[in-house]
Amino acid sequence: MSEETKISILLVEDEENLHEALKLNLELEGYEVTSAFDGVAALDAVKDEYFDLIILDVMLPEMDGISVAETIRLSNNDVPILILSAKKLKCRPCAWFEKRR
Amino acid sequence: MAEDTTRKKLRRATITFWLLLTYVVAAYVWWFISLEQQNEEMRGYKELQLQSEVDSSISPELYSTRYETIEKDYRRNQTKFAGEAVVFLALIFVGAAILYRSVRRQFRLQQQQQNFMMAVTHELKTPIAVARINLETLQKHNLDPEKQKKLIRLTLEETTRLNTLTNNILVSSQLEGGGYHFTNEEIELSDLLEDVLQDFIKRFPDRQFILDVEPEVDVKGDPLLLQILVNNLVENAIKYSPRDKPIIARLYRQDGLVKLELCDEGPGVPDEEKIRIFDKFYRIGNENTRKSQGTGLGLYLCSKIARDHNADISVTNNHPHGSIFAVSFHQ
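Line order of the protein sequences matches chains A and B. Going by my numbering, the first sequence opens with residue 410, and the numbers climb by one from there. Going by my numbering, the second sequence opens with residue 1275, and the numbers climb by one from there.
Since the hints were derived computationally from the structure, they do not count as laboratory data. We put the CB at the ideal spot given by N, CA and C, even for glycine. Among these hints, one or two may not hold up.
[What the hints assert, rightly or not] Taking lysine-lysine and the DSBU-like style, the derived pairs with C-alpha atoms no more than 30 Å apart in a straight line are:
#: 1; chain 1: B; residue 1: K1519; chain 2: B; residue 2: K1476
#: 2; chain 1: B; residue 1: K1476; chain 2: A; residue 2: K432
#: 3; chain 1: B; residue 1: K1513; chain 2: B; residue 2: K1548
#: 4; chain 1: B; residue 1: K1533; chain 2: B; residue 2: K1548
#: 5; chain 1: B; residue 1: K1424; chain 2: A; residue 2: K415
#: 6; chain 1: B; residue 1: K1414; chain 2: A; residue 2: K432
#: 7; chain 1: B; residue 1: K1414; chain 2: B; residue 2: K1399
#: 8; chain 1: A; residue 1: K415; chain 2: B; residue 2: K1421
#: 9; chain 1: B; residue 1: K1513; chain 2: B; residue 2: K1533
#: 10; chain 1: B; residue 1: K1421; chain 2: A; residue 2: K432
#: 11; chain 1: A; residue 1: K432; chain 2: B; residue 2: K1423
[As the list claims (entries may be wrong)] From the structure, some residues in chain B lie toward chain A, with a derived Cβ separation under 8 Å:
#: 12; residue: V1404
#: 13; residue: N1408
#: 14; residue: L1428
#: 15; residue: E1431
All chains, please: the whole structure from these sequences, using the hints.
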């Protein structure tokens, strides 16, 4: 993949080891990865930069992942968001995304 | 979500409880009033019978004696009913209070267990995911030796984390179920603390640990449990302390006590949480936005192990900020 066509990904994950593992893999696959370790940092990054994809953890310090996703959508940003979670997700995120369809 | 369901259930149980209690008390008061009315009716009936049987103008003494007996019966019954009412009401209220407290405790425990299950799922899945990703990366890509070493180190870190977690779960269940065989031997706590800290220094090379350990400090106890105690306290300090701030471990004798202290420069523990953090499954803050992960078992286990070793555990404020976890062993 050439530099110009590199897909940019915002990786939001507070578990440092998991963050490093995911980042290394994504970089090895040729993606450009920007790191954020909490919800507020993720929103700051989205304000400043364009991303092709956001990989977002749910359990985050400062602001949880679902609130981050809601805030991004409410600012009319349609960037695809891939939610990462060790928990079963039901109700709040799903209901919210259903509403937005 | 589970928390919401538990809250709803608790609200429903509380409303049902108060409705039932109100009904029982109202029924009881009604029963007392009915008895009292019956008592009065009985007195009236007996008085009428007396008037028809004895003429007060002919035998005033007999009339007065029988009248007094009727009055005495009436008052005795009144006292009996009032006494029973007080005793029964007191019993109902005591029973209701016990029931209320036990139901609330049960719900709180249920909620904490749900939180624990959520936390433990996260705590188990994350290290497994990291280890798997790292191993898959090593298998799939031809990485330079430096990167390979790093991935192996990270994977080992995660397996240690899993080991600590499973140890905590197993030991707390064994200690509670009475299945743990406690050994009581002379242990050099200075050596144990230094060994545990050396292990952490290797695992976290970018962290700063300061050891202020008096040599040859002995305590009596179980070596595995004491190792878990120290391990959990250090893990806790690492979890909350900023990366660039040192973690201080102290061990010294003072006033016939052996004191072990772990000082961090993290956010500290609010005063109202200082006792509750040693409760089983207790975690500060909201599950989705808390700054650090955990199951709420680590500090609970520390306090249980401390108690089993005739020691007190407490947390105080560090200056300018952070916490000092202190364990004082009575000799």
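Hints, verified against the model:
1. A distance of roughly 17 Å separates the Cα atoms of K1519(B) and K1476(B); the hinted pair therefore holds under the 30 Å criterion.
2. Only pairs whose Cα atoms come within 30 Å are accepted, and K1476(B) paired with K432(A) is accepted, the gap being roughly 24 Å.
3. Distance restraint check for K1513(B) and K1548(B): the Cα-Cα separation of roughly 17 Å lies within the 30 Å cut-off, and the hinted pair is therefore satisfied.
4. Distance check on the hinted pair: K1533(B) and K1548(B) sit about 19 Å apart at the alpha-carbon level, within 30 Å; holds.
5. This hinted pair checks out: K1424(B) and K415(A) have alpha carbons roughly 26 Å apart, not beyond 30 Å.
6. Of the pairs offered as hints, the one joining K1414(B) and K432(A) holds, with about 15 Å between alpha carbons and a cut-off of 30 Å not exceeded.
7. Restraint check for K1414(B) and K1399(B): the C-alpha separation of about 22 Å stays at or below 30 Å, so the hint holds.
8. Simply put, K415(A) and K1421(B) have alpha-carbon atoms about 22 Å apart, close enough for the 30 Å limit, and the pair holds.
9. For the hint pairing K1513(B) with K1533(B), the CA-to-CA distance comes to about 22 Å; that is within 30 Å, so the pair holds.
10. For the proposed pair K1421(B) and K432(A), the alpha carbon gap of about 13 Å is at most 30 Å, so the pair holds.
11. At roughly 16 Å between alpha-carbon atoms, K432(A) and K1423(B) fall within 30 Å of each other, so this suggested pair holds.
12. With a least beta-carbon distance of about 5 Å to chain A, the hint placing V1404(B) at the interface is held under the 8 Å criterion.
13. Hint status for N1408(B): holds, given a least beta-carbon distance of 5 Å to chain A, under 8 Å.
14. Restraint check, L1428(B) versus chain A: the minimum CB separation of about 5 Å is within 8 Å; hint holds.
15. Because the beta carbon of E1431(B) sits about 6 Å from the nearest beta carbon in chain A, less than 8 Å, this interface hint is met.
Every hint, counting from the list given before, is met by this structure.
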